[in-house]
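2 protein chains.
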Amino acid sequence: MISTLTPTSDRLQQLQTWVTEIHDIYAAAALLYWDRATYMPSQGVAARGRQMALLRQIAHQKMTDDRLGELLANLRSQAGDFAPHSAEASLIEVADRNYQRAVQVPSEFVARFSRHRTDCYDAWARAKEDDNFAIVQPKLEKTLELTQEYASYFSGYDHIADPLIEDVDYGMTVATLRPLFSQLRQELVPIVEAIAACPAPDTSCLQQTFDRQQQLDFTLDLLQQLGYDFSRGRQDESLHPFTTSFSIDDVRITTRVREDDLTEALFSSIHEMGHALYEQGFDRQLEGTPLAEGSSSGVHESQSRLWENLVGRSHQFWKYFYPQLQQKFPQQLADVSLDTFYRAVNNVERSLIRTDADEVTYNLHVMIRFDLELELLEGSLAVRDLPEAWNARYESDLGVRPPSDRLGVLQDIHWYTSNIGAMFQCYTLGNLMSAQLYDAVLKADPNLLENIAAGNFASLHRWLIDNVHQFGCRYTPSELIVKATGAELSIAPFLNYIRGKYSQLYDI
Amino acid sequence: MISTLTPTSDRLQQLQTWVTEIHDIYAAAALLYWDRATYMPSQGVAARGRQMALLRQIAHQKMTDDRLGELLANLRSQAGDFAPHSAEASLIEVADRNYQRAVQVPSEFVARFSRHRTDCYDAWARAKEDDNFAIVQPKLEKTLELTQEYASYFSGYDHIADPLIEDVDYGMTVATLRPLFSQLRQELVPIVEAIAACPAPDTSCLQQTFDRQQQLDFTLDLLQQLGYDFSRGRQDESLHPFTTSFSIDDVRITTRVREDDLTEALFSSIHEMGHALYEQGFDRQLEGTPLAEGSSSGVHESQSRLWENLVGRSHQFWKYFYPQLQQKFPQQLADVSLDTFYRAVNNVERSLIRTDADEVTYNLHVMIRFDLELELLEGSLAVRDLPEAWNARYESDLGVRPPSDRLGVLQDIHWYTSNIGAMFQCYTLGNLMSAQLYDAVLKADPNLLENIAAGNFASLHRWLIDNVHQFGCRYTPSELIVKATGAELSIAPFLNYIRGKYSQLYDI
Numbered sequence: 001m002i003s004t005l006t007p008t009s010d011r012l013q014q015l016q017t018w019v020t021e022i023h024d025i026y027a028a029a030a031l032l033y034w035d036r037a038t039y040m041p042s043q044g045v046a047a048r049g050r051q052m053a054l055l056r057q058i059a060h061q062k063m064t065d066d067r068l069g070e071l072l073a074n075l076r077s078q079a080g081d082f083a084p085h086s087a088e089a090s091l092i093e094v095a096d097r098n099y100q101r102a103v104q105v106p107s108e109f110v111a112r113f114s115r116h117r118t119d120c121y122d123a124w125a126r127a128k129e130d131d132n133f134a135i136v137q138p139k140l141e142k143t144l145e146l147t148q149e150y151a152s153y154f155s156g157y158d159h160i161a162d163p164l165i166e167d168v169d170y171g172m173t174v175a176t177l178r179p180l181f182s183q184l185r186q187e188l189v190p191i192v193e194a195i196a197a198c199p200a201p202d203t204s205c206l207q208q209t210f211d212r213q214q215q216l217d218f219t220l221d222l223l224q225q226l227g228y229d230f231s232r233g234r235q236d237e238s239l240h241p242f243t244t245s246f247s248i249d250d251v252r253i254t255t256r257v258r259e260d261d262l263t264e265a266l267f268s269s270i271h272e273m274g275h276a277l278y279e280q281g282f283d284r285q286l287e288g289t290p291l292a293e294g295s296s297s298g299v300h301e302s303q304s305r306l307w308e309n310l311v312g313r314s315h316q317f318w319k320y321f322y323p324q325l326q327q328k329f330p331q332q333l334a335d336v337s338l339d340t341f342y343r344a345v346n347n348v349e350r351s352l353i354r355t356d357a358d359e360v361t362y363n364l365h366v367m368i369r370f371d372l373e374l375e376l377l378e379g380s381l382a383v384r385d386l387p388e389a390w391n392a393r394y395e396s397d398l399g400v401r402p403p404s405d406r407l408g409v410l411q412d413i414h415w416y417t418s419n420i421g422a423m424f425q426c427y428t429l430g431n432l433m434s435a436q437l438y439d440a441v442l443k444a445d446p447n448l449l450e451n452i453a454a455g456n457f458a459s460l461h462r463w464l465i466d467n468v469h470q471f472g473c474r475y476t477p478s479e480l481i482v483k484a485t486g487a488e489l490s491i492a493p494f495l496n497y498i499r500g501k502y503s504q505l506y507d508i
Numbered sequence: 001m002i003s004t005l006t007p008t009s010d011r012l013q014q015l016q017t018w019v020t021e022i023h024d025i026y027a028a029a030a031l032l033y034w035d036r037a038t039y040m041p042s043q044g045v046a047a048r049g050r051q052m053a054l055l056r057q058i059a060h061q062k063m064t065d066d067r068l069g070e071l072l073a074n075l076r077s078q079a080g081d082f083a084p085h086s087a088e089a090s091l092i093e094v095a096d097r098n099y100q101r102a103v104q105v106p107s108e109f110v111a112r113f114s115r116h117r118t119d120c121y122d123a124w125a126r127a128k129e130d131d132n133f134a135i136v137q138p139k140l141e142k143t144l145e146l147t148q149e150y151a152s153y154f155s156g157y158d159h160i161a162d163p164l165i166e167d168v169d170y171g172m173t174v175a176t177l178r179p180l181f182s183q184l185r186q187e188l189v190p191i192v193e194a195i196a197a198c199p200a201p202d203t204s205c206l207q208q209t210f211d212r213q214q215q216l217d218f219t220l221d222l223l224q225q226l227g228y229d230f231s232r233g234r235q236d237e238s239l240h241p242f243t244t245s246f247s248i249d250d251v252r253i254t255t256r257v258r259e260d261d262l263t264e265a266l267f268s269s270i271h272e273m274g275h276a277l278y279e280q281g282f283d284r285q286l287e288g289t290p291l292a293e294g295s296s297s298g299v300h301e302s303q304s305r306l307w308e309n310l311v312g313r314s315h316q317f318w319k320y321f322y323p324q325l326q327q328k329f330p331q332q333l334a335d336v337s338l339d340t341f342y343r344a345v346n347n348v349e350r351s352l353i354r355t356d357a358d359e360v361t362y363n364l365h366v367m368i369r370f371d372l373e374l375e376l377l378e379g380s381l382a383v384r385d386l387p388e389a390w391n392a393r394y395e396s397d398l399g400v401r402p403p404s405d406r407l408g409v410l411q412d413i414h415w416y417t418s419n420i421g422a423m424f425q426c427y428t429l430g431n432l433m434s435a436q437l438y439d440a441v442l443k444a445d446p447n448l449l450e451n452i453a454a455g456n457f458a459s460l461h462r463w464l465i466d467n468v469h470q471f472g473c474r475y476t477p478s479e480l481i482v483k484a485t486g487a488e489l490s491i492a493p494f495l496n497y498i499r500g501k502y503s504q505l506y507d508i
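As they're listed, the protein sequences go chains A and B. Just so you know, we're using UniProt numbering here: the first sequence kicks off at 1 and counts up by one. Just so you know, we're using UniProt numbering here: the second sequence kicks off at 1 and counts up by one.
By construction, these hints were calculated from the structure, which means they are not laboratory data. Watch out, some of these pointers could steer you wrong.
[Stated by the list, open to error] Label-pair distances were calculated between CB atoms; the ranges are:
1) Asp445(A) <-> Gln208(B): 49 to 59 Å
2) Gln213(A) <-> Gln207(B): 27 to 37 Å
3) Asp445(A) <-> Arg126(B): 42 to 52 Å
For every residue, glycine included, the Cβ atom is placed at its ideal position computed from N, Cα and C.
The shape of chain A in the complex, shown without the other chains (with noise of 0.2 Å):
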């Protein structure tokens, strides 16, 4: 036990160890994970998976222990003690959370899904390779029917996605989302289509060869100006790039490079360096316990989203950078200008893949996922016919039809390794409050563009630290988003936002 919180009872002590033991038995899972994604050897995956199977039915079973109801039971008695989102009230409160969560769902069930995951997974992997979703239908049939009854394990709610939305956004209900997607969607599809009447801005000096290495040094360096801590983090290389952290202090990124495309690894890395000084930034009394996460799905997704795109793809970020990457990349970026680069680099296109996708479209990739997954669950729509729905949505809201289910309804891992439900929301959750909040940073900190033109970003992050990540999830999300932005969360900023600076970059 390395926590600070102070107890002021016995009990408290025990709950600080108990939930500690719990976080660091997936501490230990999440090492395994991100070993196995980076240098775990090929033929190490079969031990491996038995090996964080068994350490996660190990945390489970301390999760939902009898005696750590009662201690919680005991404990809720005695939260009238302490401070409204004090560290101690808070700990009594997301801990108890989430076993009433945890408590709901029997363990044959977790154990039944989880196979069933792997499963799912390696029909997937096959299926793409084959570009057929015949061959994941059936599995994707079956992931369907055990999101529904993982939903029918929890009572009282509006709408079956909502206790989905609930495990990964708090707080959150399809009530909620709806509307405000609907609208964001009325809004973006003109703004979008006014892009594409524009002429394409010149994009081939992304488009050159660009050494590995060199790219990769380039990314440390640039975490390292913009207040990553190496000394308490690192960056890797995997085929997914992820965030994951064993520790505050233990917070790594890894991050992907592909030599034709000067794009991916770069905001790559700063993507996931968003979500690691979130992370690394989380007040140390919270160390080891349940409230040294991420408030929510979205608000993380908020904090990569906030430095890849309102940061990482802004001018004043280039008017510093960029002189740093012609250096590193003479021969290819000498006589490309900073304002062919800056337009390059936020070039507008309906394309066809999330992932790939800019920041004005990309919330309508996202938006048809979400609505798609409602009918799912809704049984409005059917497994066989989600790969035709697929496809007209894009060619509704983007203008384009996939030509194969590869880049279509199979592009994505979500629905396929975990349940189909609650798996989007948060990136648009995510790029919404990232906004809102840099929307109050600049109003808090007039010199803040200027500070970031001059390669100067302590008092953005010192401003993140002290209004988002210190808490850790002591606050839910809409508690959060009004304490630091002081309104409840709406699309106006992220509109506000997305028009000002297009408007500019397309002359419409």
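We have chain A already, so just place chain B on it with the hints.
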């Protein structure tokens, strides 16, 4: 459960499941250790220590659980149904042996000793830095007391060190080791003296500047050619080289590079690979069981020393590899002959540091420690008199007197992070076994040396798999040596090897 052991009863299946869970928790702890030694960011150390301790505690609980005891009691009564040394009989025997030993020691003691070891390690690090044994002396006194307490939990032994030896070199006792070692020492001292009287070979070719990455590339190439399976392993750098495994399909080594000494990475890599080949060679049906371990520390060391010394320092080996090494380092080695290089890597020197010692003097270093350990445990030597006793023995056995404790009694980590006793005998046992095994291979395969000179290591590797590796710990060290070589362990093969090789090298 991926093991293919065929259970003949549900109980055997239950045992298999139980021990695999223990195995897998230790494997996870081992990955946490590997990561700490290779890639972990510096600040991660506190949480990592907490997490490793937790996993070991969970594994220890599982290992001493009454339910396991009942299961084993039941199975012991059925053990006669299985052929001796069959996978089933061995599993029951070894699992039972581990259980019986684990339950002798109160878990309160395990925790107490574990805490003390961290303290003692810290004090040792400071003592070494300040070159002042007094800093760690009281801690080491406590370690001695705790070691004696540990031994006291076992009964029926002749010598207090026997239970400690039993932990790592099953079946060995002070009564068997003392005469073996004392005879070896008597034979070795005059050989070393004779060599010391000869002119020293020129080793300057090894002490040039060798690029770090080039060295690493060379060792990777070398390991590949020797038969290390990189789809089931990898090599990384760490401060102290070691081998670790998380399954039969993931056995990793580390090495250490010195740019001013070519031998460091070269022989560290070959040494650790010898350990790794052992674990990669376990029969697949032992996966996840306590049988997937070396027969003993000594047998494990025999595999590393066989590759490092008997193979890796042989003339045939370098006849094949030296041209490759010259090609890698033409500037440094183009003008150095094979013979000069061969003599340089076999330089015998009476030196102060065990880990730098050549294969002739190495055992003298070990036996000094072994004897001092026994005296400490018996109470005939006090910890405060240890530095002087150490220095006196170095003077009498090796003709050199440590000018400081840092180069003397403080040099090895073993006593300061573990217990006192049974820490060193495995090195000499390994050397003796390696020579006896190699002798047996040479008899079985008269073309062995020719094959090595032609870069063909397959028949050697095959013999080791068939006669040593595949069995894991299904045989005790003594059984294994007799089975593989047809004779009890003796010092003769080692002395013959040393006499044969060094009489040629030194004209004695």
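Exercise for the section: Starting from the hint list further up, note which numbers the structure goes against and sort them upward. Expected result: Violated: none.
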